[in-house]
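*Asks:* Sequence lines, in order, name chains U and P. In terms of our numbering, the first sequence has 211 at position 189, counting the first letter as 1, and numbering is strictly consecutive. In terms of our numbering, the second sequence has 305 at position 295, counting the first letter as 1, and numbering is strictly consecutive.
Careful: at least some of the hints might be erroneous.
Cross-link-like lysine-lysine pairs, in silico, BS3-like; alpha carbons within 30 Å at most [to be verified]:
#, chain 1, residue 1, chain 2, residue 2
1, U, LYS49, P, LYS351
2, U, LYS49, U, LYS115
3, P, LYS351, U, LYS99
Here are the computed distance ranges between Cβ atoms for each label pair [claimed, not checked]:
#, chain 1, residue 1, chain 2, residue 2, range
4, P, MET310, U, GLY106, 29 to 39 Å
5, P, ALA93, U, VAL66, 33 to 43 Å
6, P, MET310, U, LYS97, 27 to 37 Å
7, P, TYR312, U, GLY106, 57 to 67 Å
8, P, ASP343, U, ILE52, 18 to 28 Å
9, U, LYS67, P, LYS351, 41 to 51 Å
10, P, ASN115, U, PHE104, 50 to 60 Å
Quick look at which bits of chain P chain U covers, simulated, 3 or more residues with Cβ under 8 Å [claimed, not checked]:
#, region
11, 73-86
12, 330-341
Simulated from the structure, these hints should not be mistaken for lab results. The beta carbon of each residue, even a glycine, is placed where N, CA and C say it ideally should be.
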Amino acid sequence: MEIFAANQHDKYIIDNRHDDFRLAFLKETILFLKDYFGSIFTSVKSLLTGMKLTGYYFVHPKEIVTEEYPNNREKLKMNERFRGEVIMPHDDKNEHRCTGCQSCEIACPNGSIKIVTKMEVQPDGKKKKQLDTWVYHFDMCTLCNMCVHACPSDAIVMGQNFEHSVYDKKQLKKILNKPDSKLMSGVEE
Amino acid sequence: MQNEPSYSFSALAARFHNWLDAAIESDFILQVTELIITGVLLLVFLVLLCFFLGYMERKVAAFMEIRLGPNRVGPKGSLQIIADTIKLLFKEGLTPNQADKFLFNLAPAIMVITALLAIAPLAFAKNFQIWDLNIGLLYVSSISSMAVIGVLMAGWSSSNKYSLIGAMRCGAQIVSYELSVGLSLISIVVLAGSMQISEIVESQANGWWIFKGHIPVLIAFVIFIIASTAEINRAPFDLTEAEQELTGGFHTEYSGMKFAMFLLSEYINLFIVSAIAATIFLGGWMPFHIGGLDGFNHAMDYIPSSIWFFGKTFLIIFIIMWFRWTFPRLRIDQLLNLEWKYLLPISMINILLITAMTIFGWHF
């Protein structure tokens, strides 16, 4: 330091700066140590919080959310909101509620529904659009429930069957309306 | 030795030795026979242990993740791990075309052999130890660090860049964390004044080191658990086999029984690390003693020593499993930061503290 101090005044300034530097160094060291031990403390604390949670789960088997694959098919009761497949309920007179409006076909995000309609002569002589076949491609269906929401006449619902594996893909193409079924009276009004 | 419980392994072993001694004339053949019997028994024990640890790990993982775990094969899924082993046995052991075939097939054997060698000086029960050599701890730490050769060999000879990167990471990890493990071991060597396992256990007759050495030994214990978890490549330090990034790390190319040998060595290493931690910090087979309370100590002696040993070991195994299913995996820079900036400086200062404590007699 003395090499750079040309006269007494400069030397005084440099000494002063040296002191400042020392002070700054000390401050920085303290800050570093604070950070160092603070980070250890916070990380250990957060790790212990995690271990507390998993430890709680370990000693509370009631919290388990997994369902076992059902072996007792007879007694099995699925949840009401479970979505297994799209089905079309028919009543005992072989009548369904589908008017063939194609809302579900429009609502389906990936085109797994195909509605085929036909023109049918009513008793009063008028021609009217009616459902012919309700084609359901289960191999594409994501069970998103949009068709059921879109349906204005509650013709389709989600079924509870959950075991669909077959060896032939063609068997996954289903026709939901039963042969010779008719539109239920009073749905369209 | 008086008060020796009749249910100790050592009595059985001594009786067996006497019986063999009477049956076999030559000293050399007697020794070889005993070595072979010990080896076979050890292998059977370790395979059964690995079955149990595999089942335990899957159940612990399941319960901590709010799942059920294996529950199809056998009662509560207890035979699942045997079914898995049978599946692995029937799988084809592939060797890649471009691989260095000799090293590729040698690597799993080296992993298992180092794991088996490191188990020799462990004391399983009172007076029941395969090899009580006077540098027990040094032997364990040096042998177990040889596993890195097997890892590098496996990664390099696979001729696969994922394997090579995985092996490099694993090598860096094992070599770095070896230091902290060594320093934690030294802290107990300083306190006990010996590297011999039996003497270290005997030195804890009036209280385990973790109680006698209070804060510094507690720090050493925590550092040992963290560093040894890293050394045996278990989560959260399992980035050598990070399946999302490296598809399987250094054992990407291994299949069938060769892969199973890596798995086996991982579980044996887990057991060894926990057994060492239990021996040097928690007193090994030594029952829970408090200096001065003779009646209490005497009552504790009635619990068999092997139960004490395995109880402590499985407690630590459970803690390490608890880590695995709680903590997220570290990145490679975080991993090296943790070792070089945190664990190593702290354990260096800690060893100074422990040395001072030993010299001035600050421990109980």
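*Asks:* Between LYS351/P and LYS99/U, does the CA-CA distance stay at or below 30 Å?
*Replies:* 57 Å, violated
*Asks:* For LYS49/U and LYS115/U, compute the direct alpha-carbon distance and say whether it is at most 30 Å.
*Replies:* 90 Å, violated
*Asks:* Residue count check for the region 73-86 of chain P against chain U: does it reach three with CB-CB under 8 Å?
*Replies:* As far as the region 73-86 of chain P goes, the hint holds, because 7 residues have Cβ atoms under 8 Å from chain U.
*Asks:* Would you say the C-beta atoms of ASP343/P and ILE52/U sit inside 18 to 28 Å of each other?
*Replies:* Distance hint for ASP343/P, ILE52/U holds at roughly 26 Å.
*Asks:* Starting from the hint 29 to 39 Å, judge whether the C-beta atoms of MET310/P and GLY106/U obey it.
*Replies:* With Cβ atoms ~59 Å apart, the hint is violated.
*Asks:* Would the hint linking LYS49/U and LYS351/P be met if the CA-CA limit is 30 Å?
*Replies:* 20 Å, holds
*Asks:* Measuring from beta carbon to beta carbon, are ASN115/P and PHE104/U in 50 to 60 Å?
*Replies:* Distance hint for ASN115/P, PHE104/U holds at roughly 51 Å.
*Asks:* Is the hinted range of 57 to 67 Å satisfied by the C-beta distance from TYR312/P to GLY106/U?
*Replies:* Holds, since TYR312/P and GLY106/U (Cβ atoms, about 60 Å apart) stay within the stated range.
*Asks:* Between the beta carbons of ALA93/P and VAL66/U, is the distance compatible with 33 to 43 Å?
*Replies:* 40 Å, holds
*Asks:* Check the following: the C-beta atoms of MET310/P and LYS97/U are separated by a distance inside 27 to 37 Å.
*Replies:* Given range 27 to 37 Å: violated, Cβ gap about 51 Å.
*Asks:* Assuming the hint says 41 to 51 Å, is it satisfied by the Cβ distance from LYS67/U to LYS351/P or not?
*Replies:* Hint violated: Cβ distance 19 Å, outside 41 to 51 Å.
*Asks:* Using a Cβ cutoff of 8 Å, are there at least 3 residues of the region 330-341 of chain P near chain U, or does the coverage claim fail?
*Replies:* It holds, with 5 qualifying residues against the three required.
This entry does not satisfy hints 2, 3, 4, 6, 9, going by the numbered hints stated previously.
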